[in-house]
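K.L.:
Spelled out from the first residue to the last, the chains are:
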Amino acid sequence: MCDVCGCGDPEVVSVDVHERILSQNDRTAAHNRTHFETRGTFAVNLMGSPGSGKTALLEATRRAAPDLHLGAVSGDLATEHDATRLQAAGIPSWTITTGTACHLDAGMVHHVLHGLPERPFDVFFIENVGNLVCPAIYDLGQARNVVALSTTEGIDKPLKYPVMFRAADLVLLTKSDLLPHLPEIDPERIREALARVVPDPRLLIVSARTGEGLDAWIAWLRGERAKLPEPAGPLARRAAGA
Amino acid sequence: MHEYSVASSLLDLVEEHVRAHAASRVLRIHVRIGEQSGVEPELLRSAWELVREAGPAAEAELELHAVPVRWECRACEKTLVPTITLRCQDCGGAAHLAAGSELFLDRIELEVA
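Top line first, the protein sequences correspond to chains A and B.
To convert, note that position 210 of the first sequence is 212 in my numbering; the numbers rise steadily by one, no gaps.
To convert, note that position 41 of the second sequence is 318 in my numbering; the numbers rise steadily by one, no gaps.
Bear in mind the hints are in silico, worked out from the structure with no lab data behind them.
A quick note: this is a predicted structure, and the numbers were derived from the prediction, not measured.
Among the hints, a few may not be true.
Some, not all, of what chain B presents toward chain A, calculated at C-beta under 7 Å [claimed, not checked]:
hint, residue
1, Q313
2, V358
3, L363
4, A376
5, L380
Ideal placement from N, C-alpha and C gives every residue a C-beta, glycine not left out.
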């Protein structure tokens, strides 16, 4: 630096960025979404607490809708137990082992997409890491978010985890077969808690064990899948016999 | 805790701009963070301390600007006060979160040699 005029002094530049911090994840998610949509695959990001019954719900979905071609990827910190269970139930499944990460991100899902078989799935479930906090803010490229909330988790979870429940297009109140043993759990009060944090709350009461509510769940899947943009990609056309 | 991943994404984004402007140092980073963004400001700050390490952003100050939650009617665009539902008290329309879910890198101050 020059002592006389200060030339060579570093200049301070203020740069307006106005970009989402997760923009890189958003771009990968958009790529994943295109991948699913061009194949006519309805992708569901299934979230919920550990033990809320996400895997059991998928097993029951397989039984209740044998005509739907289902696939799944399960995210867990460790083990491939969920994928093994789903395979046994007849759902081709993959695992994302996250190590210490508490959520899936779009990059992890993208990595799996390259290994999927050529025949497109009707519905592809992304079973997220069991957690009501972190997965809520990561777009994976799904068409819809579904949150599984089990009857034993109490009535105030939507109030405690508003970001997660606000992200949900549908909430499934799982393990309804336990309700006779839980006199303090009134599904109406869960619905009320949901209405305080979500403008258009949608709640279905289901049981993987008894099959209660599965018809409505399957009808929702079919109805929402029908809203997908027309598949335009070569694979979807091939699948349609074109 | 996902704040560590968010802080890493923030660092990646900042470093892109450091390269683009051939900057030698980052002085300050302005982040806008909604009260319902799903990210805790204090945890993000701790995570930032961990990820910035050596490199041009090592001494950058992280300024967090909190954005309060504001619900607005989707139909008549009035600001709503949440009650037992998130419906407009005037027209019955559903609310949407008009502010409070932001997670933005707004501005960075760079030293360019």
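K.L.:
Hints first: check each against the structure and report whether it holds.
P.N.:
Results of checking the hints against the structure:
no. : hint : in the structure
1   : Q313 : holds (6 Å)
2   : V358 : violated (12 Å)
3   : L363 : holds (4 Å)
4   : A376 : violated (14 Å)
5   : L380 : holds (5 Å)
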